[in-house]
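Participant: Fit chains P and Y to the supplied structure of chain B, relying on the hints for placement.
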Amino acid sequence: MIRGALVAALTAAALGLAGCGAGPSGVLDGGEAPTGLAPGTPVYLVDDAGSLVARRRGDRLSTIGQAIKMLLTASEPGPGPRSYAGTSEVALELPIATTGDVITVGLPIDRDDVRREIGIDQLVCTALAVHQQSGGSPATRVRLTFVHGRDTGPRHCPVLPAS
Amino acid sequence: MTALGRARALLGGLRPRLILAFVAVGAIAAAAAAWASAASAGSALVEQTQRQFAGEIERTVTATAPGLPYPPDQAALDRLRVTVGGPALVTYGALRSASGPGLAAVSPELRAATGETGRLLVQRVESDGVLRLVVGAPVMITDLNGQRRPSGVEVYAVRDLSAVREQVDALTANASRTSALALPIAVLLALLAARGVLRPVRDLRAAARRLGGGDLGARLRPRGSDELAELAATFNETAASLERSVGELARMEADARRFVADVSHELRTPLTTLTAVAEVLEAEAGRMPSDAREPARLAVEESRKLARLVEDLIEVSRFDAGVATLRPEEVELRAAVRDCLRSRGWLDQVELDAPGELRAVLDRRRLDVVTANLVGNALSHGAPPVVVRLRGDDTWAYLDVVDHGPGLPDDVAAHVFDRFYKADTARGRSNGSGLGMAITAENVKLHGGTIGAGNADGAGAHFAVRLPRWTGEQP
Amino acid sequence: MARILLIEDDHAVRRGLALALDRHGHAVGEAGTGEEGLRALGGTRPDVIVLDLMLPGMDGFEVCRRIRAAGNLPIIMLTARGDDLDVVGGLEAGADDYVVKPVQPRVLDARVRAVLRRGAPTADGAPERHHDLTIDRAALAVTKGARQVSLTPTELRLLLELSRSPGQVLSRQQLLELVWEHDYLGDSRLVDNCVQRLRAKIEDEPSRPVFVQTVRGFGYRFGPV
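Protein chains in written order, with the UniProt record's numbering: chain B, 1 to 163; chain P, 1 to 475; chain Y, 1 to 225.
Next comes chain B alone, as it looks inside the complex:
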């Protein structure tokens, strides 16, 4: 009986000492790796068939605001995919706010400037692509606001993974 208790106590002591973590260690997992590098900023255009296609601009991922600005200032001469997202010459920083899993992008254009409904998708997809590539969650949705006209609701991009 006494001997048993002694053995138990010694074992407990040994285990406790072994768990002490203030010494050198092997290679341990430390969590998710960082991300955010990309060979250019993804911008969504519409091809002749009416499908959304991604094109990269520049040499880095950049930010949501800059990607949207690239889309709004893009001019597509000649054949190839085009943009229906409207245009703007305004060089201001776009107001971008994140609330929970919704990113709200304030566009410097009117709702009517978006010439087709697919232009809305172009804007949403471009914003979400940058967000995801810079480590953001695929569950995040985007809401667009306009200078004039109704906001969009929080939306997913139809060609990007949604979760």
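Bear in mind the hints are in silico, worked out from the structure with no lab data behind them. By construction, the Cβ of each residue, glycine as well, lies at the ideal position given by its N, Cα and C atoms. The hints are all genuine.
For each label pair, taking beta carbons as the anchor points, the in silico distance ranges come out as:
{"#": "1", "chain 1": "P", "residue 1": "D353", "chain 2": "Y", "residue 2": "A123", "range": "41 to 47 Å"}
{"#": "2", "chain 1": "P", "residue 1": "L326", "chain 2": "Y", "residue 2": "G119", "range": "34 to 40 Å"}
{"#": "3", "chain 1": "P", "residue 1": "Q147", "chain 2": "B", "residue 2": "L28", "range": "24 to 30 Å"}
{"#": "4", "chain 1": "P", "residue 1": "K305", "chain 2": "Y", "residue 2": "V215", "range": "39 to 45 Å"}
{"#": "5", "chain 1": "P", "residue 1": "L298", "chain 2": "Y", "residue 2": "G119", "range": "37 to 43 Å"}
{"#": "6", "chain 1": "Y", "residue 1": "H130", "chain 2": "P", "residue 2": "A299", "range": "52 to 58 Å"}
{"#": "7", "chain 1": "Y", "residue 1": "D183", "chain 2": "P", "residue 2": "A250", "range": "39 to 45 Å"}
{"#": "8", "chain 1": "Y", "residue 1": "E62", "chain 2": "P", "residue 2": "L326", "range": "28 to 34 Å"}
{"#": "9", "chain 1": "P", "residue 1": "E56", "chain 2": "B", "residue 2": "R116", "range": "41 to 47 Å"}
{"#": "10", "chain 1": "Y", "residue 1": "M54", "chain 2": "P", "residue 2": "A229", "range": "58 to 64 Å"}
{"#": "11", "chain 1": "P", "residue 1": "D353", "chain 2": "Y", "residue 2": "M1", "range": "44 to 50 Å"}
{"#": "12", "chain 1": "Y", "residue 1": "M54", "chain 2": "P", "residue 2": "R258", "range": "15 to 21 Å"}
Facilitator: Below, chains P and Y alone, put in the same frame as chain B:
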């Protein structure tokens, strides 16, 4: 006993062993608890620090990377390294940006693993007595379909863990102090516990000792329902059974002795007739026809032997029944012994060695029995000369009877005072009753004296009697 | 030689002892019970009585007391147990001597003769006066003041032996040999008991004796008055 032996005896006791065990268990348990909590707190602290550093690196790199060109150039790597801060190393293929001390801590195994796993990795490395945390972070590219793949850019950051280690050491020291504090408390508790546990054991020992000492009524009060209580119950049962058996035996023995006493008394009446008639027969023998004389002589002899045997049996049963009493009176030993010898016609055969008058207070009749039995024994079993020696000091009178026969073999000396013991078994019956020596010993004992049988140097058997000189009174 | 009344309930013992005593020259009358023995006293006029203590009906102690109440006839008791209770009880009832069964007839004969000798005159001469006590050795008479003191032969012999040399200490053993004619192993209780009875008869205060004085550790002495 040597000091070592004493120490061993001291530590060998149940109480010291119990206390030692209690103290050991108590102290070890306290130490283990303290150490375990210190260790878990320590490892929690280290892990939290690791997680915090790793998270910082991950966030910093993730925040910086979108602004960097890909594939990166030297300037981009430099920028990344600066943003991460501290001693850091950033590599991309052959490109490399490094600064700060302690980069040697970045181990080849960490670098290899960082290239392969696609996860952020950490490793604690100790060198020059400094503990460092190395974070290895492969920077990933997230494709538009959500898949991630290594970009080839790897960031290594080194952080000093000395502060954390100091905190852990402080925790450990605290645990040691706690353990040390627990020791006296453990001793105190052990003393109390040992006392509680040992009380029944002590009771048991006392009861067993009483039982061994002949107190068959010794019992324990069983307390509780543990093993010791069971032991106490068993002890009580055993003691009760022993008491019953011994009582039964004592009753049987008392019955047997009473029977002997009763039979002996009953024999007295017919023996009285027999003795009377034998004497008549003996006196008339001369006038009998010659063929009737022999049977008459035999009848007379045997009736006398029978009378002597019954007398001795009655005397022995008096001793057994505890009703034999001393009647001490003033006796001059030399005269008393001479009277004894003269009345039996032994004066010619026995040499009385007495320096002078020797006064004593004892039972005259019992002294006569003792002397007569010892001298009679010497005369019939030993060889002349038989010497009776009387001596005395302040408290004792010494009566020694020595013959010059072959002496007593050791096995005979041990049993010579037993009842019906016959040294010479081949001879069968002797003139005595077989109780003479037993009665002699009882008489000596009744006086509070001692008797011994052995052999004298250069002589035969030696019986030594020592009697208190002033029985029942102050000199 | 002497007329003995033997009171003993066991027929065989009685006959055996009677036969043996007869051979020693005595005339033995027999009685099987105490009552029978007491009745026989008047008829046979014995010189000495041999009395068994264990009797059916009236026991030996009671018989002894009644005989003693009637006179100074010597009594020798026969005890079967030989233990203190029997001996002390018998002596207190007035017995002069005792023997333990199984007794050798010649020992009993010696005791009988001894007890009878005590009643025989041993000397002549004028009566001696010790204070108010007069001892007449020739007439075997003792008077205290004007009153005749009735003593058994044993008591008388004890007084005679003690007073023979007043002031001289006699040990119990000496008295046993002188009075009872016992050997060296005689029972000193005989002496002590007889002294008690003698004191009761001759002393003014038996608890503070004047004539028979105890000398502790040695024995007794007569006077000095």
